[in-house]
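Chain by chain, the residues:
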Amino acid sequence: MHGRVKVKTTAQQEEEKRKEREKKLKVYLTVRDAIFKKRTNSELDEEALQLTQQLLASNPDFATLWNYRREILLHLETVKEDEEMQKLYEAELLFIESCLKVNPKSYGSWHHRGWVSSRLPRPDWKRELSLCDRCLSLDDRNFHCWDYRRLVVKASKVSVEQELQFTDRLIGSNFSNYSSWHYRSTLLPLLHPQPASDPESACQKHTRPTASPQTHGHRVCEEQLLKEYELVQNAVFTDPNDQSAWFYYRWLLGRAEREELISCVYVSREGERVAVAFSKPVNVVNLMLVLDGQPQQVEWRSVHPQFRHSPVWLCELPPSSISDINNEHNLTVHWTEKHTHRDCALYTGRMESWCRESATDQELFRSELSVEKTSVLQSELQSCTQLLELEPQNKWCLLTIILLMRALDPLGHEKETLTHFQTLKEVDPMRSSYYSDLCSKFMIENTILKMEYAEVRVFSLSDKNLSTLCHLDQLLLVTHINLCSNQLVKLPLQFTMLHCLEVLEADDNAIENLEGLYHLPKLEEVSLKNNQISKIADLSPLATCPKLTRLDLRGNPVTQADDVWAELAELLPSLTELLL
Amino acid sequence: MGTQIKDVVIKPDAPNTLLLEKHADYIAAYGSKKDDYEYTLSEYLRMSGIYWGLTVMDLMSQLQRMNRDEIIDFIQASQHECGGISASVGHDPHLLYTLSAVQILTLYDSVKSIDVDKVVEYVQGLQQEDGSFAGDKWGEIDTRFSFCAVATLALLGRLDAVDVDKAVQFVLSCMNFDGGFGCRPGSESHAGQIYCCTGFLSITGQLHQVNADLLGWWLCERQLPSGGLNGRPEKLPDVCYSWWVLAALKIIGRIQWIDKAKLRRFILACQDEETGGFADRPGDMVDPFHTLFGIAGLSLLGEEQVKTVDPVFCMPEEVLQRIGLHTDLLT
Ligand SMILES: [Zn+2]
Chain A
1 MHGRVKVKTT AQQEEEKRKE REKKLKVYLT VRDAIFKKRT NSELDEEALQ LTQQLLASNP
61 DFATLWNYRR EILLHLETVK EDEEMQKLYE AELLFIESCL KVNPKSYGSW HHRGWVSSRL
121 PRPDWKRELS LCDRCLSLDD RNFHCWDYRR LVVKASKVSV EQELQFTDRL IGSNFSNYSS
181 WHYRSTLLPL LHPQPASDPE SACQKHTRPT ASPQTHGHRV CEEQLLKEYE LVQNAVFTDP
241 NDQSAWFYYR WLLGRAEREE LISCVYVSRE GERVAVAFSK PVNVVNLMLV LDGQPQQVEW
301 RSVHPQFRHS PVWLCELPPS SISDINNEHN LTVHWTEKHT HRDCALYTGR MESWCRESAT
361 DQELFRSELS VEKTSVLQSE LQSCTQLLEL EPQNKWCLLT IILLMRALDP LGHEKETLTH
421 FQTLKEVDPM RSSYYSDLCS KFMIENTILK MEYAEVRVFS LSDKNLSTLC HLDQLLLVTH
481 INLCSNQLVK LPLQFTMLHC LEVLEADDNA IENLEGLYHL PKLEEVSLKN NQISKIADLS
541 PLATCPKLTR LDLRGNPVTQ ADDVWAELAE LLPSLTELLL
Chain B
1 MGTQIKDVVI KPDAPNTLLL EKHADYIAAY GSKKDDYEYT LSEYLRMSGI YWGLTVMDLM
61 SQLQRMNRDE IIDFIQASQH ECGGISASVG HDPHLLYTLS AVQILTLYDS VKSIDVDKVV
121 EYVQGLQQED GSFAGDKWGE IDTRFSFCAV ATLALLGRLD AVDVDKAVQF VLSCMNFDGG
181 FGCRPGSESH AGQIYCCTGF LSITGQLHQV NADLLGWWLC ERQLPSGGLN GRPEKLPDVC
241 YSWWVLAALK IIGRIQWIDK AKLRRFILAC QDEETGGFAD RPGDMVDPFH TLFGIAGLSL
301 LGEEQVKTVD PVFCMPEEVL QRIGLHTDLL T
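Top line first, the protein sequences correspond to chains A and B.
Residue 176 in the working numbering is what sits at position 176 of the first sequence, and the numbering runs on without skipping anything.
Residue 128 in the working numbering is what sits at position 128 of the second sequence, and the numbering runs on without skipping anything.
Don't take every hint at face value.
Claimed, not checked - One-sided excerpt, in silico: chain A residues whose CB lies under 7 Å from chain B:
no. : residue
1   : His-2
2   : Val-5
3   : Lys-8
4   : Thr-9
5   : Thr-10
6   : His-111
7   : Leu-151
8   : Trp-251
9   : His-309
Read the hints as simulated data drawn from the structure, not as lab findings.
Note that beta-carbon positions come from the ideal geometry of N, C-alpha and C, so glycine has one too.
My request is simple: use the sequences and hints to build the entire structure.
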C-alpha cells in the first residue's frame, strides 16, 4: 500500500496483466485452500510447512500462516530429536531471512524470528547480531530490526558498553541517524545513572534497570553529559540542519522532573474554603485535612469537573469552623500516599492565610544542571552562538540558544530571547504558532519569577503577543491579573485555578471563549473590551462567579445582540456596573 | 555527510478540491471486486479493511451504500470460540481485528450481534503480568495492542475488565527522550505508535502524564515543506502519517502547531482524480486505508463537507456521542 507509483498502461497491457493476475490468483487460492483444509484436519506435517512457505514468501503479513507453522514446529518438537529440530529451526531461520530480504518491514517475519530463536535448542546469537548489523547497514532506520537487535542483545547479554560503542560507530559514519541517537538515550542512563540520593557524586557504573529516559527523573551523570555535549557539537557543526542531533541535544539540556509535593495551602474564612496546590497534576485520593488537631470530614474537588487530574484541589470546611475572626487556627494537609504534608496557620484578625514552598526559578523552570556548572552551559552557549554566526538562519541553533539562555539567566536574556523568537518565526513560518506558544510560556515564566521576587499578588503581562496561557496553577494567590493587548483567543479551563482572583483585565485580545471564568469566588471586576465574544451564551460561565459586580464588554460583537441588556441582567443579576 | 530533506513536490495541476463523490464511488465499488488478486492477498486484514471503508463512508454520510447485513454476518462468522475476532473466516483471531470488528458494530449500533462477554474475556486474557497486551496467543507485545485492548473495551463500556493501572505503567515505560512512544520499552518513537499511546492515555484518563510541549514539538517538526507530515525524522511524507501526527496533536491539544493550509493542500493532492480515493503520496496508487486517513485528516483540519471525526477512535464523533463515550483531550 506504500510507495506504489501509478503507471499509465495501454488497454493491451492491461489485458495481459489481468490474465497474469487471474493465473496467480488461481494458484494462490489453490494453495490457500489446501492449507486451510490441512489445518482443519489438524495435519501438522512438513508438507504444510512447504505450502505455507509458498504463500509467506510473497505475503509475509498473512499472520495465520506463521501461527500454523508454529503449531507444526511445536508438534514436531514432541516427536523429533533435538538434533533434527535444530536443523528444522535453522532452516526456518533461513526461510525468514529470505522473507526479510523481500520485505524487511513485516511485523510477522520479525516476530516469528524472535520466536524461533527462543525455541532453538542451540541458539546462535552471534549470527543473529550479525544479521542485525547487515540489515541495519542496508537501512539504518528499520525499527523492526532495531527492536530485534534489542531482543538479541538482551538474550545474549551483550554489554551496554558494547552497544554504546555500536552507536558511536553508526553516528561516526553518519550523524544523521535518529535511531542511533535514540538508542544512546536509552543506553546512557543504564551505563551512567545519576545516583538519585546524591546528585553531586561521581559517575558510578552499574546496570540497575531503569524506567524510560523520559519518565526516569534524572538520567545521566554530569561527567557523561559533558562528553555527550561534545559529540553533539561535532554533529551539529558538521551538518547544522540535521535534526537528529538537535533533538538529542534538547534532551540533554532538559530539566529534571519536579518532585511531587504540596506546593501551597491557602485558607479563607470567607466561605471557609481551603485550596491546595501541588507541584504536578494529581488525582487526590488520600488527602487528609487536620484542623486544630482534629481530622475533618471534607469533600475534595478539582477546580473543574472536567479535570480528573489537577494541580489545584478545593474543599469547604464544616460551617462555622473558622468563620470567627477572633480565633486562631492551625491547619495541616496530609498527602498520605506521598508521606508529605503542609501546615498553615490562620491568625486572629486575618481573613485569609497561606503557606507555600518558596519556589525558586531553579526549581520551577530552569535546566537541571547544577549551578556550579553554569560555566558548562556558558561554553555551550558560546559554541552555538559561533555556529549561528556561520548559519544565521538555522532554526535549530536559534531554538537551542534560547533554551540555553533560559537555563542560564531567563530574565537577563529576555530581550535577546524575544529577538531570536522573532527570527525563528521568519525562518520557519510553518511552525510560527509553536514558537508563539513557546515564547508565551517563557514570558509567563519570567513574569511569575518577577512576581515572586517582588512578593506581590499582581500578575501583569500586557502587550507581549501572548498566544496561550500556561502555568496558571502558579497563580493560585494572585488577586489582580492584567493580560491586555495580547493574542489570546480564550480563557482556558485552567483559569479556574486563579482562586483568589478579584480583578481581571484582558482588553484588546481575540477572546471568544470564557470557559475558565468558572466558580471564581472572589472575582469582582472583569474587563474584556475589544474582544470577540459574540453570544450571550459565551458569557454563561460568569454566572458561576457570585461576587461579580463590574463587567466591561465594550467593543465585542455580543453588544450588538438584541435584548442584550435584559438578557445580561437576567444571566448576571449581581452586576452593578455593565458597560456595553 | 549532510542529509537532504526527503520530501515530495506537489505539481501545480494536482487536485486541490475535495472530490467527495468520487471517493464514495471508489469505496462502494472496492468491495465488489472480490475475485481480484490484490484484494485476495489482503484477506489477512479484511476486517480492518472493512472498518476503513465503512468509517470513511460514514464520515461522508454514505454509510447506507454499504451492505450492512452481509458485513454483520461476516463479523459473526469471524468470532472464535475464545471470543476473539479474526480478519476473515479461516484466519486466527487477533486484537487488531477484534477492535476493527467492534468499531464496525458500533458504527452499525449492533454490538449485541456478537458475544460481547466473550470479546471482553478474550481481551482480558491477553493482558500480561507487566500490564502490556499481546496481540494474540502467540505473544507479540506492542503498544498498538494496548490501544486496541482499551479502545475495544471502552467501546463496549467494559474498561474495568482489565488492570488499567498496570496497562498505563507499561505504556508510560515506552515513553522516549523525545516525549514520543515506541512499540516496546526502548523502541524508537514513531507517529503511529504515538497516536496509539496518546489515544490509550486519553481513554484511560492519563493524558497529564504526557510531556505535551516536548512531544508537540517533535510532532509539528514532522511537517515538511510540501505540507505533508512524515512519521519519523528523515522520512517521506504520507497521508496516513498525516492522520496519526495530526490526531496525536489534537489529543494533546497542540493541533495549532502545524500549518493547516499547507497540510490540507498536501492531502488534497494525494487524491486520484480518475479513480477516486487517496494514495500515500501524490501520484501513487490509492487504497481504502489512505482514503480513510485522508478524509479523517481533512475532518480534523475543519473540513465542513464531512462529519467531525473523533481523534482517538477514528470514528464519527456523533457515533461515540450516541453510545455516551466522551473523549478526553488536553487543552
Ligand atoms: Zn501511509
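- Query: Should the interface hint for A:Thr-10 be scored as holding, given a Cβ-Cβ cut-off of 7 Å against chain B?
  - Reply: violated, 15 Å
- Residue hint A:Trp-251, partner chain B, criterion CB-CB below 7 Å: holds, 4 Å
- Query: Can the hint on A:Lys-8 be confirmed by a CB-to-CB distance to chain B that is less than 7 Å?
  - Reply: violated, 10 Å
- Any CB of chain B closer than 7 Å to the CB of A:His-111? holds, 5 Å
- Message: Please check whether A:Val-5 passes as an interface residue: C-beta within 7 Å of a C-beta belonging to chain B.
- Response: At about 6 Å, which falls below the 7 Å cut-off, the nearest Cβ of chain B leaves the hint on A:Val-5 intact, so it holds.
- Against chain B, is A:Leu-151 within 7 Å by beta-carbon distance? At about 9 Å, which exceeds the 7 Å cut-off, the nearest Cβ of chain B leaves the hint on A:Leu-151 violated.
- Message: Given a cut of 7 Å on the nearest C-beta pair, is the interface hint for A:Thr-9 held or broken against chain B?
- Response: Where the cut-off is 7 Å and the nearest Cβ of chain B is about 12 Å from A:Thr-9, the hint is violated.
- Taking the least C-beta to C-beta distance, is A:His-2 closer than 7 Å to chain B? Hint holds; A:His-2 Cβ to chain B Cβ min 5 Å, cut 7 Å.
- Would the hint on A:His-309 stand, with a C-beta cut-off of 7 Å toward chain B? holds, 4 Å
Of the numbered hints given earlier, the model fails hints 3, 4, 5 and 7; all others are met.
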